[in-house]
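Build the full structure now, drawing on both the sequences and the hints.
Protein chains: 2
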Amino acid sequence: MRKFISITLFVLSGLFVASCTDNSGVRPEPIQEEWSIVLHGGAGGKSEMPAEDEEIFKIFLNEALVEGKTILENGGSALDAVQATVIYLEDCPLFNAGKGAVMTSDKRHELDACIMDGSNLMAGAVAGLTDVKNPIKAARLVMEKTPHVLLIGEGASHFAKEQGLEIVPNSYFTTEGRVKEIEKLLSERKQGSPMGTVGCVAIDKNGNIAAATSTGGMAGKKWGRVGDVPIVGASTIAHNGVVGVSSTGHGELWIRQSVAHDIYALMEYKGMTLKEAVHEVLWNKIDKMEGGTGGGVICIDATGDIVMDFTTKIMFRAWAKSSGDTGAAVNRTNPEEKKI
Amino acid sequence: MRKFISITLFVLSGLFVASCTDNSGVRPEPIQEEWSIVLHGGAGGKSEMPAEDEEIFKIFLNEALVEGKTILENGGSALDAVQATVIYLEDCPLFNAGKGAVMTSDKRHELDACIMDGSNLMAGAVAGLTDVKNPIKAARLVMEKTPHVLLIGEGASHFAKEQGLEIVPNSYFTTEGRVKEIEKLLSERKQGSPMGTVGCVAIDKNGNIAAATSTGGMAGKKWGRVGDVPIVGASTIAHNGVVGVSSTGHGELWIRQSVAHDIYALMEYKGMTLKEAVHEVLWNKIDKMEGGTGGGVICIDATGDIVMDFTTKIMFRAWAKSSGDTGAAVNRTNPEEKKI
Chain A
515 MRKFISITLF
525 VLSGLFVASC
535 TDNSGVRPEP
545 IQEEWSIVLH
555 GGAGGKSEMP
565 AEDEEIFKIF
575 LNEALVEGKT
585 ILENGGSALD
595 AVQATVIYLE
605 DCPLFNAGKG
615 AVMTSDKRHE
625 LDACIMDGSN
635 LMAGAVAGLT
645 DVKNPIKAAR
655 LVMEKTPHVL
665 LIGEGASHFA
675 KEQGLEIVPN
685 SYFTTEGRVK
695 EIEKLLSERK
705 QGSPMGTVGC
715 VAIDKNGNIA
725 AATSTGGMAG
735 KKWGRVGDVP
745 IVGASTIAHN
755 GVVGVSSTGH
765 GELWIRQSVA
775 HDIYALMEYK
785 GMTLKEAVHE
795 VLWNKIDKME
805 GGTGGGVICI
815 DATGDIVMDF
825 TTKIMFRAWA
835 KSSGDTGAAV
845 NRTNPEEKKI
Chain B
515 MRKFISITLF
525 VLSGLFVASC
535 TDNSGVRPEP
545 IQEEWSIVLH
555 GGAGGKSEMP
565 AEDEEIFKIF
575 LNEALVEGKT
585 ILENGGSALD
595 AVQATVIYLE
605 DCPLFNAGKG
615 AVMTSDKRHE
625 LDACIMDGSN
635 LMAGAVAGLT
645 DVKNPIKAAR
655 LVMEKTPHVL
665 LIGEGASHFA
675 KEQGLEIVPN
685 SYFTTEGRVK
695 EIEKLLSERK
705 QGSPMGTVGC
715 VAIDKNGNIA
725 AATSTGGMAG
735 KKWGRVGDVP
745 IVGASTIAHN
755 GVVGVSSTGH
765 GELWIRQSVA
775 HDIYALMEYK
785 GMTLKEAVHE
795 VLWNKIDKME
805 GGTGGGVICI
815 DATGDIVMDF
825 TTKIMFRAWA
835 KSSGDTGAAV
845 NRTNPEEKKI
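Residue numbers (this note's numbering), protein chains in the order written: chain A, 515 to 854; chain B, 515 to 854.
No lab work stands behind these hints: they were computed from the structure.
Remember, predicted model here, so these are calculated numbers, not experimental data.
Hints are not guaranteed to be accurate.
Intra- or inter-copy, both count: the list cannot distinguish identical chains.
Simulated crosslink set (DSSO-like; lysine-lysine; CA at most 27 Å straight-line) [said to hold, decoys possible]:
| id | residue 1 | residue 2 |
| --- | --- | --- |
| 1 | Lys675 | Lys789 |
| 2 | Lys835 | Lys802 |
| 3 | Lys827 | Lys802 |
| 4 | Lys659 | Lys802 |
| 5 | Lys704 | Lys736 |
Written out as structure tokens, the structure is:
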């Protein structure tokens with residue numbers, strides 16, 4: 515991943531500040547009510563990122579943040595905010611979702627996404643998409659236009675086409691970095707670490723919580739492997755009055771522990787704070803499981819408090835609150851964070 | 515479903531007592547240690563089943579029960595017991611899993627299954643299988659032979675073939691009753707109720723809990739719709755020391771509420787008994803959600819206590835404990851059951 519970052523950043527940094535930014539509209543004054551938003555662009559790594567690379571990544575993370583933050587400032591819904599943010603991250607080739615997704619063992623892309631609305635516990639998800647430009651849009655339409663939660667494979671693509679979503683050739687998702695990555699993995703007969711999933715959680719001025727997650731999954735995956743991303747309760751959850759969660763990491767661990775629902779349940783049934791619940795699940799459960807490469811979560815509770823935590827070396831993340839607290843980071847900013 | 519049952523029972527009852535039963539071996543004396551097993555063959559219906567039909571169904575439910583019970587009596591594992599029981603139910607054309615599965619809107623079969631081992635929280639699942647005779651065997655192999663939890667579609671089939679599982683043409687799963695059902699649904703432009711999923715939960719003499727679920731999903735489903743069955747934490751869970759759950763019902767509700775993990779969490783974090791937790795989730799959550807057709811769960815706690823509850827009129831079920839308590843039922847046996 516480090517090599518990919520280094521190669522890609524030089525090529526893409528100029529391009530993306532231009533192409534992923536929409537500064538055309540005049541933004542009205544923010545409404546003075548409370549909201550919060552947090553996003554991630556994946557977690558992983560065996561070492562911290564050099565400061566100069568981190569600074570470049572923060573440009574993109576902040577760009578993505580603006581997408582959702584603007585909606586919340588203007589009184590829009592958490593649901594629209596998380597979707598807009600994830601669309602930016604899907605379109606940005608630096609992350610493992612949409613354009614720039616990792617490749618399967620047969621050098622294709624299979625994409626998963628999930629979205630949940632905490633106001634009514636409605637949810638939509640897709641798995642194994644190969645030709646829908648923005649899987650998170652398909653997930654949203656599954657939630658709103660069908661009686662279902664999860665559609666997979668060709669059927670999900672047919673639905674997306676019926677709904678008029680933009681269809682692209684599978685090669686649209688490919689980047690030079692991902693081709694090099696898969697060729698290296700195949701030559702070493704390995705699977706990659708599941709790094710780079712994207713997600714967003716928000717609470718809007720009405721107290722509605724939403725969460726969304728999108729991914730290309732695990733580089734070198736085969737047999738139609740699906741991770742935690744399209745699994746409500748594993749990667750993603752939103753329950754008004756309690757918490758919203760989006761995850762990134764070793765999906766199999768997340769499924770086996772129902773991580774997102776477990777954080778919800780520890781708060782709702784055991785009375786833990788968000789920070790305590792996240793610590794319990796990430797450090798006392800996930801980090802102690804054998805064979806995993808860990809990962810991270812981003813969460814917002816009903817008061818708008820944000821928790822971002824990860825068992826890996828880095829997690830791409832950015833956040834903003836109506837109070838003015840905002841930022842972006844890749845490396846761990848507080849070495850004591852895990853020792854609550 | 516009533517018509518299908520009536521038509522099918524006359525034709526199949528004699529046949530199945532013969533073909534699904536394996537009485538060839540001499541069973542050794544049971545080991546005198548505690549175990550429990552419970553199975554379901556789906557829940558649904560708008561009215562109770564006539565007593566004479568119920569009696570015939572109980573023959574098959576008891577036959578399925580013998581498969582798992584024998585393993586537990588002889589000191590086998592809960593994992594082997596739930597798998598053997600589900601294989602019987604998949605092979606039996608009366609239930610919506612394996613042979614006899616419902617048909618999709620294009621008159622095919624797409625099968626899902628999940629298995630979980632409470633001793634180590636390992637799990638395996640498959641979704642959208644079209645040609646593997648016993649999807650539960652594929653789920654077990656995903657758990658034991660891959661680093662993954664969930665495989666879908668063609669990839670899952672390729673894996674099953676690599677593992678040497680029996681492959682069948684899609685038409686193998688078709689029964690006359692299912693053809694009539696889908697033709698009626700298509701002519702009325704409806705989807706069927708998701709009735710007939712099968713599942714089993716067991717605790718063995720070592721205190722290990724396992725759970726397994728298998729289904730053809732919702733009759734008339736389209737767009738690659740997948741319900742709760744392959745979703746760990748939605749339909750199925752097994753955590754030693756707490757609970758095992760297998761579900762049947764309107765899968766979308768189960769996914770949105772993470773039903774199986776919610777029952778676990780209410781017991782583990784809120785100190786509820788199994789009966790209280792099931793009541794809370796089924797009657798205070800699922801039954802109050804709009805647009806759903808309900809369903810049921812079968813559960814075993816760490817002491818071997820069994821709870822079977824359902825918000826529908828009927829649930830096909832059977833149970834046995836080392837204490838000698840055993841039985842099978844379709845209609846509700848205790849009208850006060852829901853008023854804990």
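key: Hint check, failures only   = The structure breaks hints 1, 2; every other hint is satisfied.
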